[in-house]
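Residue-level listing of the chains:
Protein chains: 2
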Amino acid sequence: MSVPLLEQLVEAFRVLPGVGQKTAQRMAYHVLERGRDGGRRLAAVLGEAVEKIGHCERCRDFSETPLCPTCASVSRDAHLLCAVESPADRLAIEQATGYRGLYFVLQGRLSPLDGVGPRELGLHLLGERLAEGEVQELIIATNPTVEGEATAHYLAQLARQHGVRPSRPAHGLPLGGELEYVDRGTLSHAFGSRGEMA
Amino acid sequence: MSVPLLEQLVEAFRVLPGVGQKTAQRMAYHVLERGRDGGRRLAAVLGEAVEKIGHCERCRDFSETPLCPTCASVSRDAHLLCAVESPADRLAIEQATGYRGLYFVLQGRLSPLDGVGPRELGLHLLGERLAEGEVQELIIATNPTVEGEATAHYLAQLARQHGVRPSRPAHGLPLGGELEYVDRGTLSHAFGSRGEMA
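The listed protein sequences derive, respectively, from chains A and B.
Counting with the working numbering, you get residues 1 to 198 for the letters of the first sequence.
Counting with the working numbering, you get residues 1 to 198 for the letters of the second sequence.
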């Protein structure tokens, strides 16, 4: 006998991040019990998305069109370019800040042990972009992890080679966070790079 | 301009239980970055499942066929019938116990305030089933909540009307649980219904 459709569905849900057997079961039952219309829609949109969404040829972010809406926009400031590790990082910046420049999505970070070098991150594309001369400042918004920092240093060098000013978002205590609960590394860094009060 | 496919996808994922905006985003990005094949498969199976999976006409569990494999099986003991609230409960019993009888899935519990009466739970079907005379014991495995208990009492009455013996899984301390952390209701119940040691 073939595998029942319900079991196949539970198994298929496990492709989602953070979804184990139990959650997958709950999702399958939920969709069948209370969310058939939503399930139908999810199936359709998901099927279309995996086929149609590719990468923007300029910033490497996800895009349905060869050039993503941000890169194609004439109202963005082309003198500013912000390098981020992932599309999710780009979205976070876009939603939280008033940044009006453009982006470059690395889709990863330098990690030689995992075989991720400059080529995999599309840094040759970034180099060509910087060589065009329009970009004046490269905001390097990689994550403050060991690999993110290494990537940031590499990008800063690349920027300088092309006469572009590299910058980095400030690191320090998060707003609204209590000193007592801030991790040691952040606290030590914030203490070391304290600034004079205005 | 139409809504970008990526946004539609994030929105569509929110139909799943416990999935908010942030998790839906993570799911969408994950599928596009690392799980396109899985995503394609999920879309296909989900689309097929919401169309093809209905309810077994005998036990009301989910089934692709008019009669589910369990009800159709000749190797199950038709003298035993176990009433559960949901397909997930049925699955939990099936996986954890060696139960070889049949099931009846209520797809809910009595809750007059929400408009869920005996008819919505298919209790007329259950009544007909018990009237057939084959069932000798009705194991009432509704959840030990207020509504579950009310449903259990109703089912027990129904069983007795048809000369069927109602029974209920034992309630008490969970195995491996520590007394200190067991909730008061359970502890009090377990204490009150203590049994002599063999």
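Mixed in with the good hints, there may be bad ones.
[To be verified] Pair ranges (Cβ atoms, derived):
#	chain 1	residue 1	chain 2	residue 2	range
1	B	Gly20	A	Pro169	24 to 34 Å
2	A	Gly148	B	Gly54	46 to 56 Å
3	A	Gly115	B	Leu179	48 to 58 Å
4	A	Arg119	B	Ser75	54 to 64 Å
5	B	Pro69	A	Ala150	52 to 62 Å
6	A	Leu113	B	Ala96	34 to 44 Å
7	A	Pro144	B	Pro17	52 to 62 Å
8	A	Gly18	B	Pro174	23 to 33 Å
9	B	Pro17	A	Leu113	35 to 45 Å
10	B	Pro69	A	Pro169	55 to 65 Å
11	A	Leu113	B	Ser188	51 to 61 Å
12	A	His189	B	Asp114	49 to 59 Å
13	A	His162	B	Arg34	53 to 63 Å
What the hints contain is simulated information worked out from the structure, not anything from laboratory work.
Just so it is clear, the structure is predicted and the values come from calculations on it, not from any experiment.
Glycine included, every Cβ here is placed at the ideal spot set by N, Cα and C.
Now the hints, each set against the structure:
1. Taken as a hint, the range 24 to 34 Å holds for the pair B:Gly20 and A:Pro169, whose Cβ atoms sit roughly 26 Å apart.
2. Restraint check, A:Gly148 to B:Gly54: a C-beta distance of roughly 50 Å satisfies the suggested window 46 to 56 Å.
3. Checked against the given bound of 48 to 58 Å, the beta carbons of A:Gly115 and B:Leu179, roughly 53 Å apart, stay inside it.
4. At roughly 60 Å, the beta-carbon separation of A:Arg119 and B:Ser75 lies within the given 54 to 64 Å, and the hint holds.
5. For the hinted restraint 52 to 62 Å between B:Pro69 and A:Ala150, the CB-CB distance of approximately 55 Å keeps it satisfied.
6. A hinted range of 34 to 44 Å for the beta carbons of A:Leu113 and B:Ala96 is consistent with their spacing of about 43 Å.
7. Checked against the given bound of 52 to 62 Å, the beta carbons of A:Pro144 and B:Pro17, roughly 34 Å apart, lie outside it.
8. One distance hint, 23 to 33 Å for the beta-carbon pair A:Gly18 and B:Pro174, holds here, with the actual separation near 26 Å.
9. For B:Pro17 paired with A:Leu113, a C-beta distance near 38 Å keeps the hint of 35 to 45 Å intact.
10. Between B:Pro69 and A:Pro169 the Cβ separation comes to about 57 Å, which falls inside the hinted range of 55 to 65 Å.
11. Our hint of 51 to 61 Å for A:Leu113 and B:Ser188 holds, since their Cβ atoms are close to 57 Å apart.
12. Between A:His189 and B:Asp114 the beta carbon distance is about 54 Å. The supplied range of 49 to 59 Å therefore holds.
13. Hint check: A:His162 to B:Arg34, Cβ distance near 32 Å, so the stated range 53 to 63 Å is violated.
The structure fails hints 7, 13 (numbered hints given earlier, in ascending order).
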